[in-house]
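With these hints in hand, go ahead and build the complete structure from the sequences.
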Amino acid sequence: MVRKPGKPENPERPEPPEPAPVTKAKTLGEALDEMGFVAPDPPRRITLRRLGPARRLTRWRKPEEQE
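Note that my numbering has the sequence shown beginning at 1360, numbered continuously upward.
Bear in mind the hints are in silico, worked out from the structure with no lab data behind them. Honestly, I wouldn't trust all of these hints.
Said to hold, decoys possible - Below, simulated SDA-like cross-link-like pairs (lysine to any residue); rule was C-alpha separation at most 25 Å, straight line:
{"id": "1", "residue 1": "1385", "residue 2": "1398"}
{"id": "2", "residue 1": "1383", "residue 2": "1373"}
{"id": "3", "residue 1": "1385", "residue 2": "1372"}
{"id": "4", "residue 1": "1383", "residue 2": "1399"}
{"id": "5", "residue 1": "1385", "residue 2": "1399"}
{"id": "6", "residue 1": "1385", "residue 2": "1396"}
{"id": "7", "residue 1": "1385", "residue 2": "1395"}
{"id": "8", "residue 1": "1385", "residue 2": "1374"}
{"id": "9", "residue 1": "1383", "residue 2": "1397"}
{"id": "10", "residue 1": "1383", "residue 2": "1394"}
Bear in mind that the values here come from a model prediction, so they are computed numbers and not experimental data.
Here it is as structure tokens:
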């Protein structure tokens, strides 16, 4: 750590580390490939059922037809 001229040394607060080098922005697909993500086969679609404004489906309250 090099002391900057005109700046008093504070032993309780160290200087922040050097910023990480800037890398090229990746696409979402490239980032997922790098993480090893494997998509389900066949792809599944998440479906949300709406029960009206007063009766929303939650994980604590099941709709009447499932009780």
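Comparing the hints with the structure gives:
The straight-line distance between the Cα atoms of residue 1385 and residue 1398 is roughly 19 Å, inside the 25 Å bound, and the hint therefore holds. At most 25 Å may separate the alpha-carbon atoms for a hinted pair to count; residue 1383 and residue 1373 exceed this at roughly 30 Å. With a C-alpha separation of about 35 Å, the suggested pairing of residue 1385 with residue 1372 is violated against the 25 Å cut-off. Restraint check: the Cα-Cα separation between residue 1383 and residue 1399 comes to about 28 Å, which exceeds 25 Å; the hinted pair is violated.
Between residue 1385 and residue 1399 the alpha-carbon distance is near 22 Å, which keeps this suggested pair within the 25 Å criterion. Note on residue 1385 and residue 1396: the hinted pairing holds, with a Cα-Cα distance of about 15 Å set against a maximum of 25 Å. For a cut-off of 25 Å, the pair hint linking residue 1385 to residue 1395 stands: about 15 Å separates their Cα positions. For a cut-off of 25 Å, the pair hint linking residue 1385 to residue 1374 is broken: about 30 Å separates their Cα positions.
Taking the CA atoms of residue 1383 and residue 1397, the gap is about 23 Å. The hint holds against a cut of 25 Å. Between residue 1383 and residue 1394 the CA atoms are separated by roughly 16 Å; this keeps the pair inside 25 Å, and the hint holds.
Against the hints set out earlier in the document, violations occur for numbers 2, 3, 4 and 8.
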